[in-house]
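Top to bottom, those sequences are chains A and B.
With my numbering applied, the first sequence covers 44 to 809.
With my numbering applied, the second sequence covers 60 to 209.
Hints listed in this document are in silico derivations from the structure and should not be mistaken for laboratory results.
We treat Cβ as the ideally placed atom computed from N, Cα and C, and that holds for glycine.
Certain hints may be false.
To be clear about the criterion: a stretch of chain B counts as covered by chain A if any three or more of its residues have a C-beta under 8 Å from a C-beta of chain A, and this derived list gives those stretches [stated by the list, open to error]:
1) 129-135
2) 151-157
3) 191-201
Below, computed lysine to aspartate or glutamate pairings styled on EDC-like, alpha-carbon distance capped at 16 Å [to be verified]:
4) A:Lys748 - B:Glu133
5) A:Lys749 - B:Glu178
6) A:Lys220 - A:Glu138
7) B:Lys181 - A:Glu342
The following residues of chain B were derived to be distant from chain A, with all beta-carbon distances above 12 Å [stated by the list, open to error]:
8) Lys61
9) Ile62
10) Gln69
11) Lys70
12) Thr72
13) Leu120
14) Arg123
15) Ala139
16) Lys141
17) Asn172
18) Lys173
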Amino acid sequence: MKVVNNKTKSIDGLGIMKGRKAYTDDYAEKDSLIVKVLRSPHPFARIVSIDDSVARNLEGIEMVLTHKDFKRIPFTRAGQGYPEPSPHDKFVLDEYVRYIGDEVLAVVGINETVVEKALGLIKVEYEVLEPVLDFENAKDNEILIHPEEEIHEMFDIGFKPKRNIAASYGMEIGDVKKTLESCDYVIKETFYTQAQAHVMLEPHTVNARMDYQNRIIIYSATQTPFHVRRIISQGLEIPLSKIRVIKPRVGGGFGGKQAIHGEMLVAYVTYKTGKSAKMIYTRKEVFESSYSRHPMRLEMTLGADKNGVLKAINCEALSDTGAYGEHALTVFMVTGSKVLPLYNKVEAVRFVGDIVYTNHTPAGAFRGYGAIQGNFALESAVDILCQKMNVNPIDFRKKNMMKEKETSPIFEIMGEGTAGTAMIMESCKLDECVDKGMDLIGWKEKYPRVETKDKIKSVGMAIAMQGSGIPYIDMGSATIKLNDDGFYNLMVGATEIGQGSDTVLTQIAAEELMTEVEKVVIYSSDTDLTPFDVGAYASSTTYVSGNAVLKAAKELKNQMIIEAARILSIDVERVNFDGKEFWDEESDKMISLVDLSNQITYSHEQKQLQVTSSYVGHKSPPPFMAGFVEIEIDKETFEIDILHYVSVVDCGTTINPMLAKGQVDGAIVQGLGMAHFEDVKYAKNGKLITNDLLNYKIPTRLDIKKLTTVFVDSYEESGPFGAKSVGEIGIDTPPAALANAVFNALGVRITSLPITSEKIFREIRR
Amino acid sequence: MKIDLTINKQKRTFLVEPNEYLLDVLRRYDYHSVRRGCDNTSCGVCTVLLDGKPVPSCSVLAIRCENRDITTVEGIEKEAEKLAHYFGELGADQCGYCNPSMALTVYALKRENKNAGDEDIKSYLVGNLCRCTGYVAQHEAIKRYLGDES
Chain A
44 MKVVNNKTKS IDGLGIMKGR KAYTDDYAEK DSLIVKVLRS PHPFARIVSI DDSVARNLEG
104 IEMVLTHKDF KRIPFTRAGQ GYPEPSPHDK FVLDEYVRYI GDEVLAVVGI NETVVEKALG
164 LIKVEYEVLE PVLDFENAKD NEILIHPEEE IHEMFDIGFK PKRNIAASYG MEIGDVKKTL
224 ESCDYVIKET FYTQAQAHVM LEPHTVNARM DYQNRIIIYS ATQTPFHVRR IISQGLEIPL
284 SKIRVIKPRV GGGFGGKQAI HGEMLVAYVT YKTGKSAKMI YTRKEVFESS YSRHPMRLEM
344 TLGADKNGVL KAINCEALSD TGAYGEHALT VFMVTGSKVL PLYNKVEAVR FVGDIVYTNH
404 TPAGAFRGYG AIQGNFALES AVDILCQKMN VNPIDFRKKN MMKEKETSPI FEIMGEGTAG
464 TAMIMESCKL DECVDKGMDL IGWKEKYPRV ETKDKIKSVG MAIAMQGSGI PYIDMGSATI
524 KLNDDGFYNL MVGATEIGQG SDTVLTQIAA EELMTEVEKV VIYSSDTDLT PFDVGAYASS
584 TTYVSGNAVL KAAKELKNQM IIEAARILSI DVERVNFDGK EFWDEESDKM ISLVDLSNQI
644 TYSHEQKQLQ VTSSYVGHKS PPPFMAGFVE IEIDKETFEI DILHYVSVVD CGTTINPMLA
704 KGQVDGAIVQ GLGMAHFEDV KYAKNGKLIT NDLLNYKIPT RLDIKKLTTV FVDSYEESGP
764 FGAKSVGEIG IDTPPAALAN AVFNALGVRI TSLPITSEKI FREIRR
Chain B
60 MKIDLTINKQ KRTFLVEPNE YLLDVLRRYD YHSVRRGCDN TSCGVCTVLL DGKPVPSCSV
120 LAIRCENRDI TTVEGIEKEA EKLAHYFGEL GADQCGYCNP SMALTVYALK RENKNAGDED
180 IKSYLVGNLC RCTGYVAQHE AIKRYLGDES
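Kindly generate the complete structure, drawing on both the sequences and the hints.
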């Protein structure tokens, strides 16, 4: 392969570094109206009255929007397959506010100053209600967070708002209770994970204008432009054909932009007034008023026999979706479906639980999407079990974990929101990942700990899997067009959000067309101009959208060969093509691609060669990895220093090895953030205290000492040039690997995230 | 009110409000490379050079820049190209929202301390957060850039 799996620079790195106009706000109209939201100071309240008489009459104020301005159409902000597996439980604005930061009303004016002033002049009278802040007491609480009658599910997701349940799920294979009774060793432990924040550096940003055809053109920093178009159409009853959504360069997403945020209000203002409008979330709004990762409680029971065979896994989980149910069911299902199959030799496995409403900031999609929570619990529990059995945790994993050509019945039972798809692991080099990782971290010399006078060094590890798109649901498509002078346009619905998909998809097209990346000009994510794609989520872009690009490139190549055969007056079978020239071995007839493209554009039998292809996965081949961490703990302060993180990854072929490494490195550090740095704190009234970057500490460059990220040789037959996904897998292992390393150092088991010195101190004192 | 200043070596007059921050003024005057990431100087995205020193433009009042010298990434184009080259070579490009501010900050570091070691680089850039890359590829790229005498 010439372009794929070779060092190819990002196609857009230079222009981005030079600060060229690229991101959503760079395209806002100069005279855009500013839209700002008055946010609830109460975790739960009914709006009794709004006095905006002074604000409304301020010079420069265009309008004040309250719930009375909107028809009551429930929708979900979640950008997912349609019909969505998330409950339709949100209104553009509502009479009730359900968390501190929820939308009370919106003020629209000609500049920030006047809008801020108006916000200060509005008097809102609230009937303050008792909130539900403890997710463990939310189910069947007498306080109902969503009593309204109009809200509904799109299909059965276990939606029971009268019990504060956004969704619920349960599955059992075999008989877990019986199998556990027959086990020689059983351990049970309860784990807690926190509401991690995405902290993409570009805040949620949107702007809109009406064009000369009287259509609304929306620029949005989104991961899902086509879903945004659909949700806006539903919520505001604007015909889909009147809406164009353009996603320019996006400054990071990590799942945080897999939903609409300011889009609905801005679209309404522009559609109603005919004037351009824009909205940029403050960092505080990003923290308080978008959504976070779902906090969970996971009760994990494992049972094994005396031969070291894992026989049963029982996982009972509870997830806190906050005030609204975005991604509630699907994140929860991934906690089971992309974690539990790691140990596929079990006789029985059970995964059950509810996703409950509380009066906290909502939870939603976030890289890992439930898998990081489940992985922390399962991979911690495996080490606890090994400790009890007095067996080596690596030997135990190697004996019990998934191997190539094997499967798990869970794949068929659990999908995302619906049943799943059976599949065999055609590519799974997990054993090699573990072996290589042990070497790279120096496991044999360092396990479990090495003590000096003041410090203890230790190692810990975990294994993980993810998926590659959602089979039979996620669709990606690509259009490729041949131009005169022999270069190509590649139009994809796939959504570049900084992960490098524009580069990777260009490489796939260039490889198949046997040309260089400079000859393929990509344009992505514009609902008018590019074919449909679900967007950037579920680790689907390389695998699903990449397969669509590959199909389109193959078909275009066929069409070019047919044209060459016609021009050279030979049979199609006799045409050779090397990316630059078409020729016939026997007759020495030849035409260059440049000449052919010029001829069909300008002179003979003119036509536009263009192909659109789509791809829907028939399975979701998991990438696998083994993660190893080496830490040093101060014996007095229990301060944890993360010295080295080793990631050995099987993601099939790396289409772009450098960008793939960047995905894993970045995900490891984000995972370490969840594992160690990112503490989420609330005040007693439910107010998020950690609502800015000074109080919410993400890892800085001083915190990261050494990352070693390598890929094992692996080839996934169903993927484009053998590729699987790599966007999410990196985030899963750090919490459990760190918890296991802390145990190996001190014999103390931390079961809640983040793992901090204070928690260690408390455990040791006990 | 009117203020005179030098931006990217050009003298310009800006019309500003007394309480307006430099970041908002620059964006209003189409310096798109200067972007907002937070509200309280904690992310580094809005960095510009003020008299050669990196400052967060989200927290500098525009009127305080009267008669002073501002550099945005458009003013150090050749240096940005060099850094982009090393970013590309090492796969340090991701969302890029912070890249122009990175270019300005490492350019300032290079002028202050050509022989900056690993810890010097990390300390100097600690206020420039990145959520995408995990920092490692960026760090290597910055080292190569600092060593580039061309």
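- Are 3 or more residues of the segment 151-157 of chain B near chain A, judged by a Cβ distance of less than 8 Å? holds (count 7)
- Query: Since arginine 123 (chain B) was said not to touch the interface, does its Cβ keep a gap of more than 12 Å from each Cβ of chain A?
  - Reply: It holds; arginine 123 (chain B) is separated from chain A by about 19 Å at its closest Cβ, greater than 12 Å.
- Item | Given as non-interface: isoleucine 62 (chain B), partner chain A, CB spacing beyond 12 Å | Non-interface label stands for isoleucine 62 (chain B): nearest chain A Cβ at 18 Å, farther than 12 Å.
- Compute the least Cβ-Cβ separation between lysine 173 (chain B) and chain A, then decide whether it is above 12 Å. holds, 20 Å
- Test the statement that lysine 141 (chain B) is away from the interface with chain A: the closest C-beta pair must be farther apart than 12 Å. violated, 9 Å
- Holds or violated: are the alpha carbons of lysine 181 (chain B) and glutamate 342 (chain A) at most 16 Å from each other? Answer violated: lysine 181 (chain B) to glutamate 342 (chain A) is near 40 Å, above 16 Å.
- Query: Is the Cβ of alanine 139 (chain B) farther than 12 Å from every Cβ of chain A?
  - Reply: Violated: least Cβ distance 5 Å, not greater than 12 Å.
- Beyond 12 Å from every chain A Cβ: check whether that's true for glutamine 69 (chain B). At about 16 Å from chain A, glutamine 69 (chain B) clears the 12 Å cut-off, so the statement holds.
- Message: With the threshold set at 16 Å, check whether the alpha-carbon distance from lysine 749 (chain A) to glutamate 178 (chain B) stays at or below it.
- Response: Answer holds: lysine 749 (chain A) to glutamate 178 (chain B) is near 13 Å, not above 16 Å.
- Query: Under a C-beta cut-off of less than 8 Å, do 3 or more residues of the segment 191-201 of chain B approach chain A closely enough to confirm the stated coverage?
  - Reply: Per the Cβ count (8), the hint holds.
- Item | Outcome, coverage of the segment 129-135 of chain B by chain A - at least 3 residues whose beta-carbon is closer than 8 Å to one in that chain | holds (count 3)
- Message: Checking one constraint from the list: CA of lysine 220 (chain A) to CA of glutamate 138 (chain A), max 16 Å. Satisfied?
- Response: violated, 47 Å
Hint compliance for this structure: hints 4, 6, 7, 15, 16 are broken, all remaining hints hold.
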